[in-house]
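Peer 1: Respectively, the protein sequence lines represent chains X and W.
When we follow our numbering, the leftmost residue of the first sequence carries the number 1, and every step to the right adds one.
When we follow our numbering, the leftmost residue of the second sequence carries the number 1001, and every step to the right adds one.
Keep in mind that the hints were calculated from the coordinates and are not lab data.
A portion of the hints provided could be inaccurate.
Below, simulated DSBU-like cross-link-like pairs (lysine-lysine); rule was C-alpha separation at most 30 Å, straight line [what the hints assert, rightly or not]:
no., chain 1, residue 1, chain 2, residue 2
1, X, 78, W, 1068
2, W, 1068, X, 44
3, X, 44, W, 1056
4, W, 1056, X, 62
Some, not all, of what chain W presents toward chain X, calculated at C-beta under 7 Å [to be verified]:
no., residue
5, 1016
6, 1039
7, 1089
Okay, the calculated bits of chain X under chain W, using three or more residues with CB under 8 Å as the criterion [as the list claims (entries may be wrong)]:
no., stretch
8, 39-53
9, 74-83
Glycine included, every Cβ here is placed at the ideal spot set by N, Cα and C.
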Amino acid sequence: EAGVAQSPRYKIIEKRQSVAFWCNPISGHATLYWYQQILGQGPKLLIQFQNNGVVDDSQLPKDRFSAERLKGVDSTLKIQPAKLEDSAVYLCASSLWAGTGELFFGEGSRLTVL
Amino acid sequence: DQQVKQNSPSLSVQEGRISILNCDYTNSMFDYFLWYKKYPAEGPTFLISISSIKDKNEDGRFTVFLNKSAKHLSLHIVPSQPGDSAVYFCAASAGTGTASKLTFGTGTRLQVTL
């Protein structure tokens, strides 16, 4: 079974530039999550999708972050414009359905904002 | 507001000995707890979980204990092996279904020495 795929693995940009991350969840997983993990901290949920609908985006900085999950499969997370404090690893995860707690994570996309 | 706390950033244990990783939480609504393990440059992987209706769950060398009155849980690894060296995250969720989401602690880095 293929795992959660993410790209790019690494990205370096300057502040005020934009960046996009892509995630393809495990086949058949209805729930998709984007987490932000800043160095030395635990992952923090940014947005949760159930199929192609948003369940929770309460911690997503909507003035600069956006995410979509068209057709309920893969997803993109965009940051525009980026700030220095956005430097982090962006983890995508999926689960069969919400509430199981057993999330399957991708390897993450490491963003460095200079 | 850190609802899930792992107060020990690092732990070093000799191979063959017991590793005990601790986690405290403040939200009394949490009813499902999980431990994730993370190797460098990889996403977290699910290790073991426990529901609030139990006080112990065992899976091979890994046992999680839950003390609801103290709002404390611990992960025991016996015997510890060098391959267990990783960062361990405690996570908790409240409710079920689409309303539930995981809140992670800051992680404890375990080093198992020969």
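Peer 1: Would you mind marking each hint as holding or not holding in the structure?
Peer 2: Taking the hints in turn, this is what the structure says about them:
no.: 1; hint: 78(X) - 1068(W); result: violated, 40 Å
no.: 2; hint: 1068(W) - 44(X); result: holds, 24 Å
no.: 3; hint: 44(X) - 1056(W); result: holds, 27 Å
no.: 4; hint: 1056(W) - 62(X); result: violated, 40 Å
no.: 5; hint: 1016; result: violated, 29 Å
no.: 6; hint: 1039; result: violated, 10 Å
no.: 7; hint: 1089; result: holds, 6 Å
no.: 8; hint: 39-53; result: holds (count 8)
no.: 9; hint: 74-83; result: violated (count 0)
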